[in-house]
Amino acid sequence: MNGVWGITLRGMEARKVEVEVEIAGGLFAISIVGLPDAAVRESKERVRAALRSLGLAVRGRVAVNLAPADLPKEGAVLDLPIALGIARAMGSIPDIPPGIFLGELALDGRLRGIRGAVAAAILARDSGIPLFVPDGNLEEVSLVSGCSAFGAESLEDVFAFLRGEKELKPAGEFVPSSGTCSPDPDFADIRGQAGARRALEIAAAGHHNVLFTGSPGSGKTLLARALQGILPPLSTDEFLETALVRSTLGIPFDRGMKPPFRTVHHTASIVSICGGGSTLRPGEVSLAHRGVLFLDEFPEFRRDLLEGLRQPLEDGRITVSRASGSVTYPCRVLLVAACNPCPCGWAGDPVEKCTCSVPELERYQRKISGPILDRIDLHVPVPRLLPEELVAVEDTGAEPSSAIAIRVRNARELQRKRWAGTGFSCNAELPERMVKRSLMLSADVRPFLSSMAERLRLSGRGISRVLKVARTIADLASTEKVQVPHVAEALAYRDGGGRS
Amino acid sequence: MTAKHLERGRQGEDIAASFVEELGWKILDRNVVFRGGELDIVAMDSSELVIAEVRTRAEGWMQPGEDSVGPRKLGRLVRSGRLYTDMTGWEGPWRIDILSVTMKKDGTHSIERFEDVTGGAWFS
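Top to bottom, those sequences are chains A and B. This note's numbering puts the first residue of the first sequence at 203, with every later residue one more than the last. This note's numbering puts the first residue of the second sequence at 3, with every later residue one more than the last.
These are calculated hints, taken from the structure and not from any lab test. One thing to keep in mind: the hints can contain errors.
If you want the ones that stay clear, here's a sample from chain B, every Cβ over 10 angstroms from chain A, calculated [unchecked claim]:
#	residue
1	L8
2	E9
3	R12
4	E15
5	Q65
6	V71
If the Cβ cut is set under 8 angstroms, some of the chain A residues that face chain B in the computed set are [as the list claims (entries may be wrong)]:
#	residue
7	L229
8	F230
9	G262
In silico contact screen, one side only, chain A against chain B (beta carbon under 8 angstroms); selected entries [claimed, not checked]:
#	residue
10	G227
11	G228
12	R261
Small disclaimer: the values here were computed from a predicted structure and weren't measured. Positions of the beta carbon are idealized from the N, C-alpha and C atoms, including for glycine.
Work out the full structure, taking the sequences as your base and the hints as a guide.
Shown next as structure tokens:
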């Protein structure tokens with residue numbers, strides 16, 4: 203008896219599963235052992251119908267064993283290996299060559315796309331064996347270079363291939379889609395807000411977190427959305443990381459290299475954001491990996507949720523631990539948060555009057571804890587424009603997103619070149635130990651920073667974050683050394699800009 | 003003198019038996035009686051043992067014959083089938099078919115076969 207290899211997902215990682223089949227005499231029955239979940243157990247109906255559609259009537263008592271026995275198996279991805287195992291045990295197909303087979307079967311034998319194909323491709327590449335996937339997954343699998351993958355449309359195709367009657371379609375070279383869509387909203391359409399525009403440019407260039415504070419209607423949300431249009435495109439490796447998370451959740455594959463942009467409503471649960479559940483799925487923070495996580499109405503989020511983001515924001519990784527195991531997901535996100543200055547929203551407004559009492563104000567500001575604020579590099583006040591500024595019809599003359607995007611892209615290229623070989627791609631990712639050594643500060647920065655750190659009571663993390671932002675500002679100016687003005691600008695964005 | 007419906011049932015089984023022989027099955031046994039059940043026809047369909055339950059109805063009955071085999075009867079058939087395979091030492095695959103015979107008023111009849119009615123469902 204020879205087994206057929208399939209996979210099951212454990213977090214974002216694919217684990218090999220060997221499917222063994224034995225057929226004994228008796229009344230027809232299929233029993234599946236090896237900790238199958240409901241989807242795997244139901245596969246017997248799909249497999250039987252699919253085999254019947256090819257004219258194979260399964261008879262006798264069929265025992266399917268999924269090894270290793272103590273690893274829980276989930277999902278419909280094991281349909282294809284189970285069907286192949288049964289067909290092999292019946293003698294309908296020749297010996298199955300080494301390879302990993304994935305696919306959910308339709309009742310007529312077609313193969314449906316599955317979750318986790320990218321993870322399986324990585325596993326197949328590392329094990330040095332070919333991968334067989336449904337046609338629908340072939341494109342995302344082609345992202346993993348060095349993996350020899352083949353796509354099949356139906357169970358019949360796979361049978362024909364195993365019998366040597368037909369070749370399967372190999373995965374081609376991955377071609378990112380070149381189509382660029384115009385950014386919406388475009389920075390050219392945004393009036394005023396010079397400070398916020400500059401902050402977003404820095405954020406996009408160095409992947410720094412941003413907090414917008416402003417009255418209702420001042421344009422916080424608009425600005426955050428405009429950030430999408432100036433983010434630099436992902437590198438192939440980064441794109442693979444995002445595709446891996448998306449494939450784990452079964453989100454359809456998109457060839458565009460755009461960084462993700464995830465907007466989360468404040469009613470979100472901790473599990474939906476941080477990941478978890480009985481199957482240890484990744485959350486929004488991991489879906490936003492290498493892209494933007496936008497939390498509008500920041501203080502309205504549950505406090506424990508915001509506190510739960512502390513460690514992931516710092517480490518770029520989140521470890522979800524449950525009784526069923528623990529899994530680590532990437533979550534290198536650019537956090538964009540937006541909030542009002544006070545519950546009524548008008549504190550600091552030039553025209554409207556704030557009606558909040560002092561205790562109300564304090565309670566509101568307490569909702570966002572110091573540790574969270576400390577992790578946000580760019581605190582940006584967004585003042586409301588005066589009516590006469592808003593109604594003006596003439597062209598704003600503001601710089602369009604495309605022009606900003608070019609500067610951002612150049613700055614990011616500088617960072618990629620500088621950190622090449624270290625595994626980092628942007629300034630914000632840099633670990634503490636590398637900050638002071640590798641940022642190339644000019645000589646007068648140190649005394650300036652130490653005097654300011656004392657005056658502003660900056661934390662250790664605060665100082666290194668200021669330095670990273672200063673590095674990004676210097677990159678935007680294409681200066682090799684970080685100068686005092688860069689640090690001064692970075693300091694201006696630290697906490698205290700708009701709040702308190 | 004046999005009751006009329008039993009007479010008809012007997013006829014139906016004969017019709018079914020000749021029907022399966024025409025299909026090329028080899029009939030091994032008929033009316034094997036066990037405690038708790040009877041097997042109408044036991045036959046060999048190439049390499050698979052078939053236990054056929056024959057149901058006969060006169061034309062015009064509200065409920066077709068095959069409908070009268072419910073889960074309880076199916077359970078009995080499975081148990082009797084196991085006893086039969088144990089008794090004969092058959093170790094290959096086997097299945098349960100239902101042959102539904104309809105007697106028409108003009109003396110002709112029609113027959114319908116339902117293959118492998120347990121379909122993987124578990125009967126203890």
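Q | Numbered hints the structure breaks, given as an ascending list | A | none
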